[in-house]
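Undergrad: Place chains B and C on chain A using the hints.
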Amino acid sequence: MSATGQEATPLLALRGVRVRRGSQVVLEVPALDVWPREVLGIVGPNGAGKSTLLQVMALLLAPEAGEVRFRGAVVDARHNPVPVRRRLAVVFQEPLLFDTTVFENVASGLRLRGVAREALRTRVMAWLARLGIAQLAERPARTLSLGEARRTSLARALVLEPELLLLDEPFSALDYPTRQALLSELPGLLAAARTTTVLVTHDPLEARALATRAVALQAGRIVATGPVDTVLAAAGLGPLAGAVSLPAPAERC
Amino acid sequence: MDVLVAAVVQAVRLLLSGDAEVWQVTLLSLRVSLAATAISLLAGVPLGAWLALARFPGRRLLLAAVHTGMGMPPVVAGLVLTVLLWRTGPLGSLGLLYTPTAIVLAQVVLALPIVTGLSAAAIQQLNPLLRLQILALGATRTQYLWLLAREARLPLLAAAMAGFGAVISEVGAAMMVGGNIQGQTRVLTTAIVLETSKGNFDLALALGLLLLALVYAVNLGLTWVQQRGRPL
Amino acid sequence: MKRGHLEAWLIAGLALLLSGCTATAVTPVGEASPRSTGGETPSRPAVLLATTTSVQDSGLLDVLVPQFERATGYTLKPIAVGTGQALALGARGEADVVLAHAPEAERAWMAEGHGTARLLVMYNDFLLVGPPDDPAGVRAAATATEALQRIAAARALWVSRGDQSGTHQLELQLWQAAGLAPAGQPWYQEVGQGMGQTLNIASEKGGYTLVDRGTWLARRSSLALVALREGGPGLRNLYHVLLVNPAKSPQINAAGAAAFAQWLVSPETQALIGAYGQDRFGEPLFVPAAGRSEAELAE
Chain A
1 MSATGQEATP LLALRGVRVR RGSQVVLEVP ALDVWPREVL GIVGPNGAGK STLLQVMALL
61 LAPEAGEVRF RGAVVDARHN PVPVRRRLAV VFQEPLLFDT TVFENVASGL RLRGVAREAL
121 RTRVMAWLAR LGIAQLAERP ARTLSLGEAR RTSLARALVL EPELLLLDEP FSALDYPTRQ
181 ALLSELPGLL AAARTTTVLV THDPLEARAL ATRAVALQAG RIVATGPVDT VLAAAGLGPL
241 AGAVSLPAPA ERC
Chain B
1 MDVLVAAVVQ AVRLLLSGDA EVWQVTLLSL RVSLAATAIS LLAGVPLGAW LALARFPGRR
61 LLLAAVHTGM GMPPVVAGLV LTVLLWRTGP LGSLGLLYTP TAIVLAQVVL ALPIVTGLSA
121 AAIQQLNPLL RLQILALGAT RTQYLWLLAR EARLPLLAAA MAGFGAVISE VGAAMMVGGN
181 IQGQTRVLTT AIVLETSKGN FDLALALGLL LLALVYAVNL GLTWVQQRGR PL
Chain C
1 MKRGHLEAWL IAGLALLLSG CTATAVTPVG EASPRSTGGE TPSRPAVLLA TTTSVQDSGL
61 LDVLVPQFER ATGYTLKPIA VGTGQALALG ARGEADVVLA HAPEAERAWM AEGHGTARLL
121 VMYNDFLLVG PPDDPAGVRA AATATEALQR IAAARALWVS RGDQSGTHQL ELQLWQAAGL
181 APAGQPWYQE VGQGMGQTLN IASEKGGYTL VDRGTWLARR SSLALVALRE GGPGLRNLYH
241 VLLVNPAKSP QINAAGAAAF AQWLVSPETQ ALIGAYGQDR FGEPLFVPAA GRSEAELAE
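Protein chains in written order, with my numbering: chain A, 1 to 253; chain B, 1 to 232; chain C, 1 to 299.
So that you can see chain A by itself, here it is in the shape it has in the complex (with noise of 0.2 angstroms):
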């Protein structure tokens, strides 16, 4: 079902996928598209199954049944699969940075695929400005506090400009100010990017303030599609749930 219900062909396409661990199937998922520049939300408690999904998506987990397109063409995590998770990029729920400066980390995913230094130089350095950053870049990264650290984690996947752009739970345990403004540059650092957005979250807020689509998991089975606040109602993380994450005074009596 696509997005405009026009025929185009889905950026990336799971059909029939099943996820087994040990003897219990942990994620089955009969059908999900990604459609170009949209930011997919996939909401869920904890244990849903949303870190498989997006591994499976990342090319980094083969289902045990099933097959995943991009760009319509088939794909394989167990064979050749780093052409194509080159034109992805996927930022964990930790930083995950290497024991370098940040400008290394950022310019990591560069220098696997080659980039020139000039080319490499002019990049990293305009999404550590971007990211508001570009003081650090000779800091080790193990000195970075946790919201430096996120920071230097998305730009090392947006440096690489990838064609799907895959955030799992990228603002969990960050304090409410470093959150909130890092809510508010993302869809602006997306856009710049001109990227397409799956973002794995558990919370709602984060839902409703950046995805365009929303898709909601339970026990490894998807229950809702559709808008975000369909979705959130459908999966009981409503309105009254959202909003009880922020201080609202003007509900208190």
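Read the hints as simulated data drawn from the structure, not as lab findings.
Every value quoted in this text rests on a predicted model; they were computed, and no experiment measured them.
All C-beta atoms, glycine included, are put in the ideal place defined by N, C-alpha and C.
Possibly wrong hints are sitting among the right ones.
[Said to hold, decoys possible] Calculated from the model, a selection of chain C residues having no Cβ within reach of chain B, i.e. all distances over 12 angstroms:
id: 1; residue: Gly59
id: 2; residue: Trp175
id: 3; residue: Gly234
[As the list claims (entries may be wrong)] Looking from chain A toward chain B, a few residues come up when the C-beta cut is under 7 angstroms (computed):
id: 4; residue: Ala58
id: 5; residue: Leu60
id: 6; residue: Val90
id: 7; residue: Phe92
TA: Here is chains B and C on its own, set in the frame of chain A:
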């Protein structure tokens, strides 16, 4: 006590005078042990990474065998290799017995398990999510292993120092497969044993101090590299 | 340099030393090239000599080896091990020529067909050494046999090499001649090591032991031991060179072994042997004996 003082004096004198035989023995020790360490690193780090990351039946048994190899007595390694390299032995046609190459081989047998075992531990203690992140960045298999090694460089350099320390100081294997032939296979450790048995205690101690200074110098370099970018 | 890349270069640089390890021989330092004889280099230049630690400890090899190499163009590889091991290596064909001083073991070895020739090279004698205060009263003994009997009676510490070396075998013959069986007694200690180490232990513990003159002269100044009985019947130490039977293995350098043996018994080398030790110890260590017979020397 006077023996120790005389030894220090003699050690300095030997170095400064440029005694040709001492230099030859020292250089041979370095060549042989550095070569053995280098080979063990080239083979052992990838092997250790493989043992850390791969999943196959018997992996733990293999890892335990590697750990056992870390405690291999040098004289046993030397003896087994001697029997293999004998003219009448299976590898006799190579004519390697009583050559520096044979000592290198014996020392690889000693250092390889050490480097492999410590490398496996170094890789295993990396965050599993970090491995996924590297793959997600689009790394090929080679790039993946290279980045993992770079992230684990602290314990990997420690593995290199452990391997080098084990072989530069051993005497059992060098004596057996090398034969302690003057000008050909005499290294610092076998020279120390010889001088001791001849009763030249201060010379033996001087050579011992020289050996320690050598090991310290090499490890100083490796430690400096290992600790780069970290607070003093 | 980028972080992490220095380590890679370090490892690659160390790996370059691989090229160094393929060299199988290092030119002896301070000596002219052994090929400088003007004659042609032998097709198989390496000669493996299995000899004993006493020969090595005496320092004679350090003088003989470079001379031999210069004179003949061969490269000598002396492996100094215990007599038992030296003969065993020869028996296996792992050595080309053996230089030992255990006549009874050597005769048995030849009888088993391991060698094609056995030539007498030189001799010296054994000495009975011990602590200066001589608790067993060995000085007063009239014969070697009586000396040993006094030691056994006093239960004085005796340090034996216990390694089937020429020295050890002579020691066992002496005990047998004295009608004694000291093995297992607490005062009889077998150390299983070379002559040098055995002397160190005897010196430290104040014990008696048997030592060949060569090693004794080289070591006496650093030991707390004195010579209590020297020479005399039964204490002769004969050195023979044995050629390993080439039929054992095609890898045996029979020509090189023969060259070494011939060189050892040549008049020039015999003179060299006779002079060795004079300047260092004030007396020569060995008596050249090529051409004489074993029977003639063992009274």
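Undergrad: Now tell me if each hint is right for this structure.
TA: How the hints compare with the structure:
Not every Cβ of chain B is farther than 12 angstroms from the Cβ of Gly59/C; the closest lies at roughly 8 angstroms, contradicting the non-interface assignment. Against the 12 angstroms criterion, Trp175/C stays outside the reach of chain B, whose nearest CB is about 25 angstroms from its own CB. Every beta carbon of chain B lies more than 12 angstroms from that of Gly234/C, the smallest distance being close to 27 angstroms; the non-interface claim holds. Satisfaction of the interface hint for Ala58/A is found here, the shortest Cβ-Cβ separation to chain B being roughly 6 angstroms, below the 7 angstroms cut-off.
Interface restraint check for Leu60/A: the shortest CB-CB distance to chain B comes to about 5 angstroms, inside 7 angstroms, so the restraint holds. The restraint placing Val90/A at the interface with chain B holds, with a minimum CB-CB distance near 4 angstroms, inside the 7 angstroms limit. For Phe92/A, the interface hint holds, since its Cβ comes within 7 angstroms of a Cβ in chain B; the closest pair sits about 6 angstroms apart.
When held up to the earlier numbered hints, the structure conflicts with hint 1 and nothing else.
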